[in-house]
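K.L.:
Okay, here's what each chain looks like letter by letter:
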Amino acid sequence: MNQTVAARAEIAAGAPDFLKIESIRKEYDEVVAVNNVNLAIEQGEIFALLGSSGCGKTTLLRMLAGFEVPTAGRIVLDGQDITDLPPYERPINMMFQSYALFPHLTVYDNIAFGLKREGMPKAQIAERVEQMLDLVQLKPYAKRKPHQLSGGQQQRVALARSLAKRPKLLLLDEPMGALDRKLRERTQIELVHILRQVGLTCVIVTHDQEEAMTMADRLAVMREGRFLQIGTPGEVYENPKNRFVADFIGSVNLFDGELVVDEPHYCEIQTPECLFHVGHGVEGKQGMSLTVALRPEKISLEPGWQDYPYNAVQGTVTARSYMGSYTAYEIELPTGRRVRVTVTNVDRYEEPHELGARVTAHWMPSAPVVIVE
Amino acid sequence: MMRRSWMPSGRWFVIGVPELFLFVFLLLPFLILLKISFSHADAVGVGFEPLISWLEEGTLSIKLHFDAYLSVMQDDVYLLTYLSSVGYALLTTVLCLIIGYPFAYFLAQGFPTLRPVMLMLIMLPFWTPFLIRIYAWKNILDVNGLLNQFLLWAGIVDEPLQLMFTKFSFMVGMVYGYIPFMILPLYANLVKLDRRLLEAAADLGARPWQRFWLVTIPLSREGILAGSLLVFIPAVGEYVIPELLGGISILNIGRMMWNEFFINLDWQRAAAVTMLMVLIILFPIWLFNRYQMRLMEARR
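Which chain is which? The protein sequence lines are A and B, in order. Okay, so the first sequence: first residue is 68 according to the numbering used here, each after it adds one. Okay, so the second sequence: first residue is 2 according to the numbering used here, each after it adds one.
Derived by calculation from the structure, the hints in this document are not laboratory data. Even glycine gets a Cβ: it sits at the ideal position worked out from N, Cα and C. It cannot be assumed that every hint is accurate.
Computed spacing ranges between beta-carbons, pair by pair [stated by the list, open to error]: (1) A/Gly186 <-> B/Gly17: 54 to 62 Å; (2) B/Ile286 <-> A/Gln204: 42 to 50 Å; (3) B/Met297 <-> A/Arg248: 28 to 36 Å; (4) B/Ile218 <-> A/Gln198: 28 to 36 Å; (5) B/Met297 <-> A/Thr138: 24 to 32 Å; (6) A/Gln198 <-> B/Glu298: 29 to 37 Å; (7) B/Glu298 <-> A/Asn105: 50 to 58 Å; (8) B/Glu298 <-> A/Arg248: 29 to 37 Å.
All chains, please: the whole structure from these sequences, using the hints.
P.N.:
See the structure below:
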């Protein structure tokens, strides 16, 4: 794993602006689907566009593939302006949502389709298709038609078909959308492994944050045609720039409050529920209102109502779900506010907190993050 | 164990009605014709001798006369007429396909708002009797018809063209009459065409015409076959169009059957001609069925 990351970093070092999206805009009669988006992707990077349906992520992907023409802006790939190239002249291939395999062609002919259009000699096509079948482990299925394959196998054919032409950029449109959960988790890692092996630059569109975080080096959270935040999965999760991102990625408890102490290395925020002592400084004036985001897994529970000077709330357990690896609690505070807490089940014999029990939830200063926007 | 009811259920009734209809109006007349084709007129001259009779000595006699078939096969004119009819039917099918395919494609993949209007335009002629619609072509194609008047007025020709009772007028009528049967199955097929497959083809480097040849055409094969059969089969035995628009120079099996039945009054021979035509038509139907069975098995 470390080796592949290192190898990838080397490729990436060569071309930091391999794919450049410059002020791309797409309007459909009055509706702005993509609103002046800028993005630079490194060579060899796996980048995810994450957002709920209608956020513009698919439109952006389709503009990269060439199916939609941007209203304004430029797309530059490896130094070449491809904004006005038709899809069949772009060095880009796409793996379609639900795959779009040709039902009348065999697995072999599906994979060879793009190569034949290039006018590649037959012997070379055969060699390349064999390679691809090896890569996705479908060699025995070369003569089958798509409808004779399982969902997972179809997905691998679609991947092989989109890799066969060795595109400069690979686009994946909801690559796991049609697979069931168990298969999805395994396939995500397998897919990333294959992409690293080939060293491809790749843009993934997904509405599934877990998928984006599992597969991508960096991701962009999209909403209403704009990027809300771009960063590594860790950055976006631990330092969300706004309420939407904090809420969209993972689950979160948001507290609105007022800045009371503002020091370079810490700050204190008074909320109706408690005083937050946060281990990082903020840029702002005393008395300004802001939001504190606190992830459920960063909170600890103690039985009984304990006194803490800060970073703690007292309440009663109103819901509990045992999820195997962790237990999720919902704690109701005297103000009526509910707080979500997850406790990792490190011990098989851990006594759970009963429904209705009084508990204290508390956390470290390094647990919460302040959202100014 | 479920007790089986001997009462006819609703399910049997629903299946039974069309079966009964087909039996009374298709199989029964067919069997009567089959009998006539192997029979001779009886002594009185109004009916036909039975094929199977019970002789006094206690023997069952089955008498099949093949002379009608032999006379049909020995006379070249029948063979030529069959060939000519099949040839014209094929030509009609090809013309309907060439004209109907783009039409159906546009209907299925073009502007969805135009679809109801265009479908209506295809169906509308069915509200007028077929015979009258074909007769209307006479008014257009006649020496004094609309088309000739237009050509004279526009100065394209100096004297009216002889369009009626030619191969041209015949094919105009055939294509006009049969094209809806090509367009509708093609439309039903093309409307299901997944546009993402065309996008996938474009993504993999296929230019527009390559997408059409490599994706659209192969995927609409069933529609092409169904439409072609729907045109070809009735076109072989068509009677009204060759009679009204074709003229005597066009050899046509439908007209030949009419002549044998109602002019020569040779029912045995007419029945034999009919039976042979049914054989000719059964062959493509059999091919199509086999193809569909294979397709269904492949999908299972």
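K.L.:
CB of isoleucine 218 of chain B to CB of glutamine 198 of chain A, is that within 28 to 36 Å?
P.N.:
Because 30 Å falls inside the window, the suggested range holds.
K.L.:
Honestly, do glutamine 198 of chain A and glutamate 298 of chain B meet the 29 to 37 Å range at C-beta?
P.N.:
Roughly 33 Å apart at Cβ, these two residues keep to the hinted range, so it holds.
K.L.:
Taking the CB of glutamate 298 of chain B and the CB of asparagine 105 of chain A, does the distance hold inside 50 to 58 Å?
P.N.:
The hint (50 to 58 Å, Cβ to Cβ) holds, given that glutamate 298 of chain B and asparagine 105 of chain A are roughly 54 Å apart.
K.L.:
Note whether the CB distance of methionine 297 of chain B and threonine 138 of chain A lies within 24 to 32 Å or breaks it.
P.N.:
Taking Cβ atoms as reference, methionine 297 of chain B and threonine 138 of chain A lie about 47 Å apart, which means the hint is violated.
K.L.:
Has the hinted range 54 to 62 Å been met by the Cβ atoms of glycine 186 of chain A and glycine 17 of chain B?
P.N.:
holds, 60 Å
K.L.:
I want to verify a distance hint. Is the separation of the beta carbons of isoleucine 286 of chain B and glutamine 204 of chain A within 42 to 50 Å?
P.N.:
Holds, since isoleucine 286 of chain B and glutamine 204 of chain A (Cβ atoms, about 45 Å apart) stay within the stated range.
K.L.:
Could you tell me whether the CB distance from methionine 297 of chain B to arginine 248 of chain A stays inside 28 to 36 Å?
P.N.:
Hint holds: Cβ distance 33 Å, inside 28 to 36 Å.
K.L.:
Look at the Cβ atoms of glutamate 298 of chain B and arginine 248 of chain A and judge whether their distance stays inside 29 to 37 Å.
P.N.:
holds, 33 Å
Figure legend: structure checked against the earlier numbered hints; the only hint not met is number 5.
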